[in-house]
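*Asks:* Throw the hints in and build the complete structure from the sequences for me.
In order, the protein sequence lines correspond to chains A and B. All the letters of the first sequence, read from the start, carry residue numbers 1 to 332 under our numbering. All the letters of the second sequence, read from the start, carry residue numbers 1001 to 1288 under our numbering.
It is worth saying that the hints were derived from the structure and are not from the lab. All values reported here derive from a predicted model rather than from experimental measurement. Treat the hints with care, since some could be wrong.
Just some of the chain B residues that point at chain A, by a computed CB distance under 8 Å [as the list claims (entries may be wrong)]: (1) Lys1063; (2) Arg1066; (3) Asp1097; (4) Asp1103; (5) Ser1112; (6) Gln1113; (7) Phe1114; (8) Ser1162; (9) Asp1215; (10) Leu1251; (11) Arg1252.
DSS-like, lysine-lysine: derived pairs with alpha carbons at most 30 Å apart [what the hints assert, rightly or not]: (12) Lys1132/B to Lys1115/B; (13) Lys1239/B to Lys277/A; (14) Lys1239/B to Lys296/A; (15) Lys298/A to Lys1116/B; (16) Lys203/A to Lys1244/B; (17) Lys53/A to Lys1272/B; (18) Lys1115/B to Lys53/A; (19) Lys39/A to Lys1115/B; (20) Lys203/A to Lys131/A; (21) Lys1272/B to Lys295/A; (22) Lys158/A to Lys63/A; (23) Lys1115/B to Lys1196/B; (24) Lys284/A to Lys1270/B; (25) Lys298/A to Lys1276/B; (26) Lys1276/B to Lys284/A; (27) Lys1196/B to Lys277/A; (28) Lys182/A to Lys227/A; (29) Lys1116/B to Lys53/A; (30) Lys158/A to Lys203/A; (31) Lys328/A to Lys257/A; (32) Lys1115/B to Lys1129/B; (33) Lys158/A to Lys227/A; (34) Lys203/A to Lys216/A; (35) Lys1243/B to Lys1266/B; (36) Lys1243/B to Lys1272/B; (37) Lys1115/B to Lys304/A; (38) Lys1266/B to Lys1276/B; (39) Lys257/A to Lys184/A; (40) Lys320/A to Lys298/A.
We treat Cβ as the ideally placed atom computed from N, Cα and C, and that holds for glycine.
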Amino acid sequence: MFKTFSHIYIEENIKDHFRTKEILARFPNSIPILIRHYKDSFNRNSQNFRIQKESPKLILAEKKENFLYPGSDFSPNFSHPHFYYNTLALNCIYDCEYCYLQGMFPSANLVLFVNWEDFFSATEEFIEKNKSLYLALSYDTDLLALESFFPATKEWLKFAELHPNLSLEIRTKSTNYGQIAKMKPNPNVILAWTVSPQAIIEKVEHGTPSLQARLKSINQAISDGWKVRICIDPILRVPDWNTHYQSLADILGKELKMDGLTDISFGGFRMNIDFLKRITEVRKDSSILFHAFEKKDKIVSYSKLETEEILELMSTSLNKNFSPSQIKVSYF
Amino acid sequence: MSALFFAVLSEAKSWLERSQAKPFSHSGKFRIFKNESHFIIISGTGKLSMALAVSEFAHTLSKEERNQMKIWNLGIAGSNNQEIPLGDFFWIHKITDAASGRDFYPDRIMGSQFKKETNLKTFDKPITKEKKVDRFLSLTEEELDGVSLIDMEGSGFFEAASLYFPLENIAVGKVVSDHLEGKFCQSENIEMMMEKILNPLYEEWISPLPWDRVDPFETNDWPIVETFIQDIRLTETMKHDLKKSVRFFRLRNPDSLLPLPETMLKNNLKSKTDLKQFFDDWRKSLHV
Ligand code: SF4
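*Replies:* Right, here's the structure in full:
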């Protein structure tokens, strides 16, 4: 797991916020530094994401606007008319080599917004106006992974109980399900786990839990009655990728409890071209980023032929174990 | 390589002796001393002088050198807190420029055997808590609320250094020299205080940045490719793409010989189409 934070930057205006105090109490050895605005620290020029990631700091801040963003084209909208996401946190405690956050944010430091109530009000207003909302809660971060010191997922689950027109998707690689296990399952909430072959987890998804540990959490959640989505995304063309993903499909087929499984989605690696450019400037040790990608509309992805191979392989191997209606292609 | 900026000679003296740095001849105005690979620069008092010295020094280096250089400012500072003993050393994690109100946040990424950290406020004049002392600016307790240390260079140093050097390479450290009594420190006292921190800090200063690792691709593989392609006309974009492909190959095949096309093929390139084909085939061979 991640180390503690050596320093915690705190916006002056929220220094007495009860949530700030709760978080600070979790890190008694961290050095607190008062700042005026999180962007003064987070958005500075010439920061090196890789170097900062070796010793990431925490930044506690107040979000003042943009409590909801329309979902991006990179992510599946699961055919919902109002697909939005929010950002309660920026950056992640894990370090996946393919993570787009490395190219999107100037800093590797983790920003946590403590004014959840403002997010709740903005969400309520939206639902009132539009009658429904599909909200991706764990965007630009892995929210559940932070639950032990930033228990936002729990609060949003409570909030969702009171708002039947709100659907939530909470995507994670963490095994922190235990933190929310006592909550009542909500049919409007999908807990989505991203899974990868163990070999890829070890090589590429640094700091994340093993496949077996994720499967354990997933099965627990299904047994408890939650709707669960499995995301095999991004699929990476590493050496022997086909063997790895085929056996992942088999493991999932064998070890997952099927009844509660909402769907299983998969997608190939893709990224905004400018993000990839920025990432490869500082992360030169990851072969997956130096693949000969195809560029289209500012997005890089695998070539048509490679994509077809992935689609073919995944459809065949997943079809062996799952019903076709469960299998979704998230992006190609 | 490391560079260390001081405001005045008395702060630098023991460091100059220890490093055996000699005057470095350059066309600028500031005093720069150098031993084999480390620099000591004396700027004179005040944030403007310090900023100019940083800028002048930065211009003596290439961008690559700057990216690998550790760059520090050490010196004395007054403390607003009576309880902090004279001679205590602090790393600075926040600098406020009193005149502009701007804040700067030096990142403390590297470990140090000096564990204490605090904030620093940089004023354009010496500061005292006493009333009306000649040449000092008098501030009240309220005006100094939340301020820990006070100097006259920190913000100038950090603002200028962050224009030229990666943020992670920059550090500021201060020794507490007074409690704002409104007296100028004697040179001998300053020398003594700086000497006290010299031994433990010197090793930290000269040690290379932990993230300054040699990229074997740049030193081994790419020069071979560059020599191979020097007599064919690849566009800059082609070179860029080729470099990525060669890196891909190396990451996937750390122990294999780099595939280079046959020299004969290279010599037979007659047209742009030939070149394109040659280039595409080569890249394909790298993405196996
Ligand atoms: S878990 Fe997700 S957000 Fe976190 S580093 Fe990996 S890809 Fe990025």
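*Asks:* Can you give the numbers of the hints that this structure goes against, from lowest to highest?
*Replies:* Violated hints (numbers, rising): 1, 2, 3, 5, 6, 7, 12, 15, 17, 20, 24, 27, 30, 37, 40; every other hint is consistent with the structure.
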